Amino acid sequence: MVYIVCLDITKMLRPIAQTMIVRHQATAAAVTMNNILHETLDSIREAGTFKSERIITTKQAAKIQVAGSNRKILNFCANNYLGLSSHPEVIEAAKLALDKYGAGLSSVRFICGTQDIHKELEEKISKFHGREDTILYASCFDANAGIFESLMTPDDAVISDELNHASIIDGIRLCKAQRHRYKHLNLSDLERLLQETQSARMRLIVTDSVFSMDGDIAPLAEIAALAERYDSLIFIDECHATGFLGRTGRGAEEHLGIGQPCDIINSTLGKALGGAAGGYTSGPKPLIDMLRQKSRPYLFSNSLPPPVVASASKVFDIIMADNSLIAKLAANTKRFRSKMTAAGFTLTGKDHPISPVMLKEASLASKFADEMLKRDIYVIGFSFPVVPKGLARIRVQLSAQHTEEEVDQCVDAFTEVGKQLGVV
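For what it's worth, this note's numbering labels the leading residue of the sequence shown as 1, then goes sequentially.
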């Protein structure tokens, strides 16, 4: 006998579908979290500090286009200090590396993620900085996250400038050393802490060489004198100095003419040196050897992709062969700062392409930036928590790629908007 059984598939699937729907419904905990997040976001918007992201539809350059507009807009807020992130030779080097070495290593360095180009770039960076050895990271944030925990113990002391970059602050939080902060650029306060920590096994003075929000440069000569007097080490973050500060781009030490008193240099490949990604620590070989054994961001992160390595390596070749871009950037910086000061604006820092235009109020900085975009100038308002409350600003960043006419166009737009909003 043959039995024919008719099954109602929809009835069979309905309980499964209902179960899936229930699983995708928000739990009470998720509802609570969403309510908290909405309240937080609403408060940010009410304070006028909500950070919207403009969408760029072209490569990074002095002139770009943004979504919703066909106009060419002058970019004055990128870290593309030398204008090399879209340089033909840099792009070609990345293409060749992509063909030869692939898109990525799918591995960390100590397993099977080290290629000859990684070692070649590390050697090139060491030679550039005049240090013994270098270790590459996926970013300078990772480099800063990896060094303090690996190097410093409870027997040691870290003494850090209070306005150091967030990545330095986070990196120091990971270590078990005594942690101290001195007032920004205050040598007397630094010396007080050096005196108070003389029982420590090692003491490490930690500072940005250039502070990215203000464009001011650490007094490294004076810090070095204190370090020698109190038998301490010096760590500097050179992200906003490497490749363009100093006559040959060797950074703050060269800019200040003080030799090489700093023991450890952390910096980035993601700004002047190609603009893609990557960071590094450069210093004594025993330190670098130890980081390869203990630094968690190095041990547990994929190797830097070959195209990024090749493009950064090409940038080093360019700037070590010719410093004309560095000189052009210095001239643009001097032109912008002098003309803006003459127009009545208050700028912080000195002799650095980071040129913050101080506006104080967060909502004013945001509105000012919007008005500048209407005049085809791309700048961004910075406010709390990126900078302290009451110190909102527009951080202008000059590039060697800008022409004198473009610098003047930016100043003219600032002056026009400044008068419109009652700033000057």
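Since the hints were derived computationally from the structure, they do not count as laboratory data. Keep in mind the model is a prediction, meaning the values are calculated, not measured. Some hints here could point you the wrong way.
As the list claims (entries may be wrong) - Below, a list of computed lysine to aspartate or glutamate pairs in the EDC-like style, where the Cα atoms sit at most 20 Å apart:
| hint | residue 1 | residue 2 |
| --- | --- | --- |
| 1 | Lys-334 | Asp-289 |
| 2 | Lys-334 | Glu-222 |
| 3 | Lys-294 | Asp-156 |
| 4 | Lys-350 | Glu-254 |
| 5 | Lys-63 | Asp-322 |
| 6 | Lys-328 | Asp-408 |
| 7 | Lys-294 | Glu-405 |
| 8 | Lys-374 | Glu-405 |
| 9 | Lys-183 | Asp-216 |
| 10 | Lys-51 | Glu-361 |
| 11 | Lys-59 | Glu-39 |
| 12 | Lys-367 | Asp-351 |
| 13 | Lys-389 | Glu-46 |
| 14 | Lys-176 | Glu-196 |
Now for the hints, and whether the structure bears them out:
For the hint pairing Lys-334 with Asp-289, the CA-to-CA distance comes to about 41 Å; that exceeds 20 Å, so the pair is violated. The straight-line distance between the Cα atoms of Lys-334 and Glu-222 is roughly 25 Å, outside the 20 Å bound, and the hint therefore fails. For a cut-off of 20 Å, the pair hint linking Lys-294 to Asp-156 stands: about 17 Å separates their Cα positions. This hinted pair checks out: Lys-350 and Glu-254 have alpha carbons roughly 16 Å apart, not beyond 20 Å.
Straight-line distance between C-alpha atoms of Lys-63 and Asp-322 comes to about 24 Å, which puts the hinted pair past the 20 Å bound. Distance hint between Lys-328 and Asp-408 is fulfilled; the C-alpha atoms sit about 15 Å from each other, no more than 20 Å. Straight-line distance between C-alpha atoms of Lys-294 and Glu-405 comes to about 50 Å, which puts the hinted pair past the 20 Å bound. For the proposed pair Lys-374 and Glu-405, the alpha carbon gap of about 18 Å is at most 20 Å, so the pair holds.
Under the criterion of a C-alpha separation no larger than 20 Å, the hint pairing Lys-183 with Asp-216 is consistent with the structure, at around 14 Å. Our distance criterion of 20 Å between C-alpha atoms is met by Lys-51 and Glu-361, whose separation comes to about 15 Å. Pair hint Lys-59 plus Glu-39 does not hold up; C-alpha atoms about 36 Å apart against a cutoff of 20 Å. Taken as a hint, the Lys-367 and Asp-351 pair is broken in the structure, with Cα atoms around 27 Å apart against an allowance of 20 Å.
Restraint check for Lys-389 and Glu-46: satisfied, since their Cα atoms lie roughly 15 Å apart, inside the 20 Å limit. For the hint pairing Lys-176 with Glu-196, the CA-to-CA distance comes to about 18 Å; that is within 20 Å, so the pair holds.
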